[in-house]
Every structure is written in C-alpha cells, then in structure tokens.
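These protein sequence lines map, in sequence, to chains A and B.
To convert, note that position 384 of the first sequence is 384 in my numbering; the numbers rise steadily by one, no gaps.
To convert, note that position 107 of the second sequence is 107 in my numbering; the numbers rise steadily by one, no gaps.
Please keep in mind that the hints were generated in silico from the structure rather than gathered at the bench.
Errors might be hidden in some of the hints.
All copies of an identical chain are treated as equivalent in the list; a pair is satisfied when it fits inside any one copy or across any two copies.
Said to hold, decoys possible - Cross-link-like lysine to any residue pairs, in silico, SDA-like; alpha carbons within 20 angstroms at most:
#1 K337 with G239
#2 K191 with L223
#3 K116 with S49
#4 K290 with F313
#5 K191 with A328
#6 K193 with D225
#7 K331 with G163
#8 K116 with S350
#9 K193 with P143
#10 K116 with V52
#11 K116 with D47
#12 K331 with E378
#13 K331 with D62
#14 K116 with A149
#15 K193 with D148
#16 K193 with I45
#17 K58 with V260
#18 K116 with A367
#19 K116 with Q50
#20 K186 with A367
Since the structure is predicted, the reported quantities are computational estimates derived from the model, not experimental observations.
Number of protein chains: 2
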Amino acid sequence: MFTNKFQALLIAAATLLLAGCAAPVLRGTGDLGVVIERATGSVQIVDTSQLVSLSSVKGLGDLSHASLVYSRDGRYAYVFGRDGGLTKVDLLRGVIALRVMQAGNSIGGAISQDGKLIAAQNYTPGGVKVFSAETLELVADVPSGYGDAGLRAKVVGLADAPGNRFVWSLFEAGEIWVGDFSNPAKPAIQKFKNIGNQPYDGLITPDGRYYLAGLFGEDGMALVDLWHPEQGARRILNGYGKGEEKLPVFKMPHLRGWAVAGRYAYVPAIGRHEVLVLDMQTWLEAGRIKVAGQPVFVIARPDGRQVWVNFAFPDNANVDVIDVEQRAVVKQLAPGKAVLHMEFTPRGESVWISARDDNRVVVYDTASFAQRAVLPAESPSGIFFTHRAARTGF
Amino acid sequence: MFTNKFQALLIAAATLLLAGCAAPVLRGTGDLGVVIERATGSVQIVDTSQLVSLSSVKGLGDLSHASLVYSRDGRYAYVFGRDGGLTKVDLLRGVIALRVMQAGNSIGGAISQDGKLIAAQNYTPGGVKVFSAETLELVADVPSGYGDAGLRAKVVGLADAPGNRFVWSLFEAGEIWVGDFSNPAKPAIQKFKNIGNQPYDGLITPDGRYYLAGLFGEDGMALVDLWHPEQGARRILNGYGKGEEKLPVFKMPHLRGWAVAGRYAYVPAIGRHEVLVLDMQTWLEAGRIKVAGQPVFVIARPDGRQVWVNFAFPDNANVDVIDVEQRAVVKQLAPGKAVLHMEFTPRGESVWISARDDNRVVVYDTASFAQRAVLPAESPSGIFFTHRAARTGF
Chain A
1 MFTNKFQALL IAAATLLLAG CAAPVLRGTG DLGVVIERAT GSVQIVDTSQ LVSLSSVKGL
61 GDLSHASLVY SRDGRYAYVF GRDGGLTKVD LLRGVIALRV MQAGNSIGGA ISQDGKLIAA
121 QNYTPGGVKV FSAETLELVA DVPSGYGDAG LRAKVVGLAD APGNRFVWSL FEAGEIWVGD
181 FSNPAKPAIQ KFKNIGNQPY DGLITPDGRY YLAGLFGEDG MALVDLWHPE QGARRILNGY
241 GKGEEKLPVF KMPHLRGWAV AGRYAYVPAI GRHEVLVLDM QTWLEAGRIK VAGQPVFVIA
301 RPDGRQVWVN FAFPDNANVD VIDVEQRAVV KQLAPGKAVL HMEFTPRGES VWISARDDNR
361 VVVYDTASFA QRAVLPAESP SGIFFTHRAA RTGF
Chain B
1 MFTNKFQALL IAAATLLLAG CAAPVLRGTG DLGVVIERAT GSVQIVDTSQ LVSLSSVKGL
61 GDLSHASLVY SRDGRYAYVF GRDGGLTKVD LLRGVIALRV MQAGNSIGGA ISQDGKLIAA
121 QNYTPGGVKV FSAETLELVA DVPSGYGDAG LRAKVVGLAD APGNRFVWSL FEAGEIWVGD
181 FSNPAKPAIQ KFKNIGNQPY DGLITPDGRY YLAGLFGEDG MALVDLWHPE QGARRILNGY
241 GKGEEKLPVF KMPHLRGWAV AGRYAYVPAI GRHEVLVLDM QTWLEAGRIK VAGQPVFVIA
301 RPDGRQVWVN FAFPDNANVD VIDVEQRAVV KQLAPGKAVL HMEFTPRGES VWISARDDNR
361 VVVYDTASFA QRAVLPAESP SGIFFTHRAA RTGF
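Please take these sequences and the hints and turn them into a complete structure.
What follows is the structure in structure tokens.
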C-alpha cells in the first residue's frame, strides 16, 4: 500500500514536472511577434525565424484598432483593446498573464523608457492612465480636462520619450501634454496650448527628440522639440494642401508608423494620393511622391532605402514600395484584400503584411519581393515584433 | 523487485526532469547581456532589469580583445576570442553550446542580416571565415590574398550590411572588400583597392549604407557608399591632423562603437585629445571637442543627446560625457581603474562601464549620473546587450 501510494506520488510528481516543463519551450524572445486577430479577440504568437505561428491566445475582448507594446525583456505583450481592456500576454507560455478593464474606449498605449510603466490613452473617459508593468495596478491617472466647462478631450498620439516621459495630444482641446513620470505618484505635466485644430495622432522621432502631431482640422502639423520645451510648440507644413480641393477621407492615416529615413520623414497626406517628404532639418516640405491611394501606414524599411505604403479603401489591396533616392514607387504588391498593417523584421530582410479580408499574413523578402510564407489568420490587423521593446516611440 | 526497479526508474526520471526543467528559468532574453572577463577566459551573463549577474561561463580561451554578436532570437552569444576560438554560449542555460578553433589569431566578427551566418575576421591566417550560426560548420572561407607575392593581409573592420553582405578591410593591402553571401557556397566578392594606407578598423552607419575605414598610415578615412559601389571608395577627412606634430598613440581607438547622432558622427582622433565631429551629409569635419585624453570608444547615448568617451592610458580611469548641442564635456566620471568599454541599455536610461583593474562593472543612470549598481567581475572588458541582435553594424 505504501509502495503504491509512493508510486502514485512519484507518477503524479513526474506528470506535474512534465506538464510544467514540457509546455513552454526554452527559447529566446528576440524573434517573436504578435498578430492581432481583430474579429475573434485573439492574438497569434509568431516566430520570425521559422516563419510559423506558435500559439493562439483568446479572450482579449474587442481588438479593433488594437495595438501593443512589449515588456523590457521581450516576454510579455501589453495589448490595448478598443473596449478599454489591457491584457498582458505571456509569449513563452502562450497565455494571458493579467487582464484589466481600464476604460470604456481606448486607443492604444506606450511603455516607459525604464520598462516599469504602461500608459493607456483613452477616449472615454478621456485621459491617460498609467499602470505598473509588473502587476497592472493603476499608479497614475491624468484626466484630459480642458477649458472651463469641465470637459475632457479624447487622448491621441501617445508616445514614450526619454526620461520616463509620455507625450500625448488632446483632440478637442488642441493641446499637447508632456508628462514626466519619474515619480509616478506625482507626475509633472507640462501643457502646450493652441497647438492647432484637432490633433488626431502623433509620433516621436526615433531619437525621442521631436514630437509631431498631425492636425485634422487644418493643413499642417504641430511640433515640439523635447530638448527645448521652453520654445513651445511650432507649426510646420502649414497649408500643405492649400489651394487644392479637399478630398473625402476614407480612413485616418496612422502617424506612429511614420517613416524616418536619414534626414527625411515620409508622411501620409490626408485625403490625397501622396506621400509628403519632410526635411527634418528645416521642417519644410521637400517633395511629394504619387502613390496608389490615400496612404494609411507609411513605413521605412529599417535601412531607410525603401518606404512601404498601404492604403485606405478602395485601394486597400495594394502596397506600394517607394525607393527613397528615386522618390518614386518602384514596386507594387497585392498581398490580399484589406491590407491593414506591415511590420519589418528588426534588420529588415523581411516584411509581414496582414490582409484582413483574405484572412492571411503574407511574408515578403524585401530585396527580391518574393513571397517567403503565407500564414492563415482570422481577420489579421496589427503585427508587432519584440524588437520594439528596445526602441523609443514604438 | 520490480516495484523497486520501477520506483528507482521513477525517481531517476523525476530527478532528470527536475534537473532539466528547474535549472534554466523561463524568461525573455531582451534584457540579457554578457560581460567579457578577459583574464579568466570567462563571461558573465547579466540581467539589465534587475542589475544582477545570473551566471558565469568558463572555458572560452583567450578573451583579450574579445567581442561577440547575438543570435537572431537573443538566446546565444557568439564570442570571438583572440586565439581564434569561436564559442556559442547559451544565455538561458548558462553553458557553452558549441565551440570551434577557427584561426590562430582573430579579431572579432559579425552576424548576417538573416541571422544564419557568423563571419570571423582573422589576422592569422588572414581572411574571413563564415560559419553556420546553428552548427558552427564552416560554410565559406575567403583568404585575404593581395598583390603578386602570395601574401595575406590582416583583416580588420568587419561589419554586416543589408543583403546578407559582410564588409571588411585589409590592413597591409589598403583594400576594402564587400562580400555578398546570399549564396554562401559561392560568395561574390567586390574589391576596392588603393583606399588608403593601413586601414585599422571600420564601421558601418546604423542604416547599413556607408562603410568607413579609419587609416592608421595617414590622416584621413576611406568611405564606400554601399548603395552606390560603382562610385568606388572616397577619401574623407583628408589631412585632419595636417601641420600638427603627431602624438604617440597609446591604444588604437575602436571605430565600431562610433557615435552617430542625427547628421553627425563623433570620431576618435588618433593620438589627440579630441573627438572629431563629422558631418555625414558633406563628409567634412564640422568641429572638434576637447576631451580628457586619447579617445578609445566614442559612443552615443541611444537618443543621441550625449556622447560618452573613454580613454587610452594614462587617462583610462576617466569617462567624459559630451553634450552634443554644446559640443563640450558636461560631466566627468571616474568608474574605476582601466575603463575598457561602455554599453548603453537599449533605450538609454542606463550605461554599464567596465573598470578592468578594479574588477568591477559600474552601472550609471544617464540622466542623473547616479551610480545604480556595482557588479564584481574579473578584469572585465567588453559588455554587450542582446538588443544588438536587432541592429545593423553591431
């Protein structure tokens, strides 16, 4: 009897060990990524070396317009759902580690320079909430109040900056706020007012110095030099569509993926079939490139020699590849119906493209444009690789 | 008897499982790093989130002047020893995964854009050898023959470039070679001859476009635009020390860590107590910054706002911090005796500095300059963090 019990215990122990040990494979996280499946509230965890899907994680809520950031170690993805859900996904175990509902309507987030703070930008209730990256406990709440009527603005264009700062824009208020969360219990907020009409998204340059907000209510952009906040916000690209008839806008472009290559930034023109070339030394327009439709994402290959562009309806089955020296489209690709996002591998040899309505992700070689792989996915949208953890502004 | 055997088997199985399972902790690799301990032929594996050493791996041979590159997934470090040893270290298990002796005298290496090829640059026998990153099997051998006398040059300045290329310089020959290893069995080698006297090291710009070789035999540098190899090699910074008396050189500066921040590169002047500012748009000298000694490493903080400099003997207990806007040293630090290397965390909040003769690694906050941690190490030299896997030219 004792022997049997002992045997049973040993078998149980061995089974437990096998279960606890065999499931998560010991592996590096530098070549992992996540594909958002917006229709099913799930994400796929993918391997960019083997070009395969490793696992699927369900139960993340409404993932339309979802984005994510990575923990400092590359193991966890913090997924910001449109419904205000914030989910910490363990890439190695393929499970949800933590999940909180933090707002009613949210539009993305960022992670602090030191990796300790997760900030969510919210439409409803308007503001920025900051959480412990480890526990998802709320550590700071900054409502986006403006004016004298007790109103709160939608927060857009949230970005991380050096010095454990976050920067964001207030849509209805026309303001840019810079929050220093070095002491999360007492964030220091600096407000730039009257920066322009309806900032709809923003980005920070890869060096973390310049924050730019795109303006929906007028032609132009707002610029803050974070090395010199005392200079205030500047207006750039004023009237870049002046004199031309406005086109209907089918989908707002995304600024966070904006391409910075050498001294130039490549900017989606709102409503026009053009990519604007912005000289980052003068902050003047340096040229325009004709493309197949209204650009949504304009993203540089990591070496800056190409810029890839996807489009709003009805041109959203196309992807244009711009050669930056020629300032012209040199290749057109058709990855599938409703291309929503593109993500380059860290050193740029491949790009992964989601085609929502064909339920697939297509991987291209960026030198030969050959298809390297096709992965099935349920209405895939955003694709995010773990090297983002090591970058500012991603 | 059967029961006892069965029990014994179960115990053995459980023990094996415990040993195989408990030892390596499931964790991300994005915040790992390696510190070279040159005197003992060992490396320490460190955690840049917790600021601790996780393990020590011995048996790597002669690690004077050792460097390393990381596998695409961040799990393995490929350590290039001075004695020609090439060691693949498993950071998660803290053990040597593979090791080969590939040359008699070696000076570093690089990893291809796709992560599949490891290239070693060798003094003896002179040339570049290329290995499978998975197995360390030799897949290509390119001797550095030059001239008509059957001589082989020392290979220096090896760097990776987009398109699975490697670029390197031949010291005695005054040549730069570009090797395309897209088909490793048949590498395509392009040679640039008469590039200048005694190239002693090289670097590639972060975008992978420009390869620069420093010249020891004359004042100046050689430049190849890899987007336009048909233009050949150019000479830049000609005679930057002209008319001044040459100083004795106590230690050759390292070019691979050269700082590129915005449009400027910060270059160690050979033998002079100066850092040169190089305008990367005109390739002309744009200024000089006085520093405490002969610079060895000149490295930009990831946001490009500071450049950190260490020095040759007798000033090698100092580190100078340059503010790039002021073009002046704004802080001097004394981390310990014989500072050999500095490595910034990926997003730049901290820097790790090795002080060989004080047997320690000191971690600083780069905003406040406060010491965050001191880690004991045996004669530490190079420090390398895993985010290098995701970058070109590291």
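Hint check results:
no. : hint           : verdict
1   : K337 with G239 : neither (34 angstroms within a copy, 58 angstroms between copies)
2   : K191 with L223 : within (13 angstroms within a copy, 45 angstroms between copies)
3   : K116 with S49  : between (28 angstroms within a copy, 10 angstroms between copies)
4   : K290 with F313 : within (17 angstroms within a copy, 57 angstroms between copies)
5   : K191 with A328 : neither (39 angstroms within a copy, 31 angstroms between copies)
6   : K193 with D225 : within (15 angstroms within a copy, 44 angstroms between copies)
7   : K331 with G163 : between (40 angstroms within a copy, 18 angstroms between copies)
8   : K116 with S350 : between (31 angstroms within a copy, 14 angstroms between copies)
9   : K193 with P143 : within (16 angstroms within a copy, 63 angstroms between copies)
10  : K116 with V52  : between (30 angstroms within a copy, 17 angstroms between copies)
11  : K116 with D47  : between (26 angstroms within a copy, 15 angstroms between copies)
12  : K331 with E378 : neither (27 angstroms within a copy, 54 angstroms between copies)
13  : K331 with D62  : neither (35 angstroms within a copy, 50 angstroms between copies)
14  : K116 with A149 : neither (35 angstroms within a copy, 61 angstroms between copies)
15  : K193 with D148 : within (14 angstroms within a copy, 71 angstroms between copies)
16  : K193 with I45  : neither (41 angstroms within a copy, 48 angstroms between copies)
17  : K58 with V260  : neither (35 angstroms within a copy, 43 angstroms between copies)
18  : K116 with A367 : between (37 angstroms within a copy, 17 angstroms between copies)
19  : K116 with Q50  : between (31 angstroms within a copy, 12 angstroms between copies)
20  : K186 with A367 : between (49 angstroms within a copy, 19 angstroms between copies)
Checked against the numbered hints above, the structure violates hints 1, 5, 12, 13, 14, 16, 17; every other hint is satisfied.
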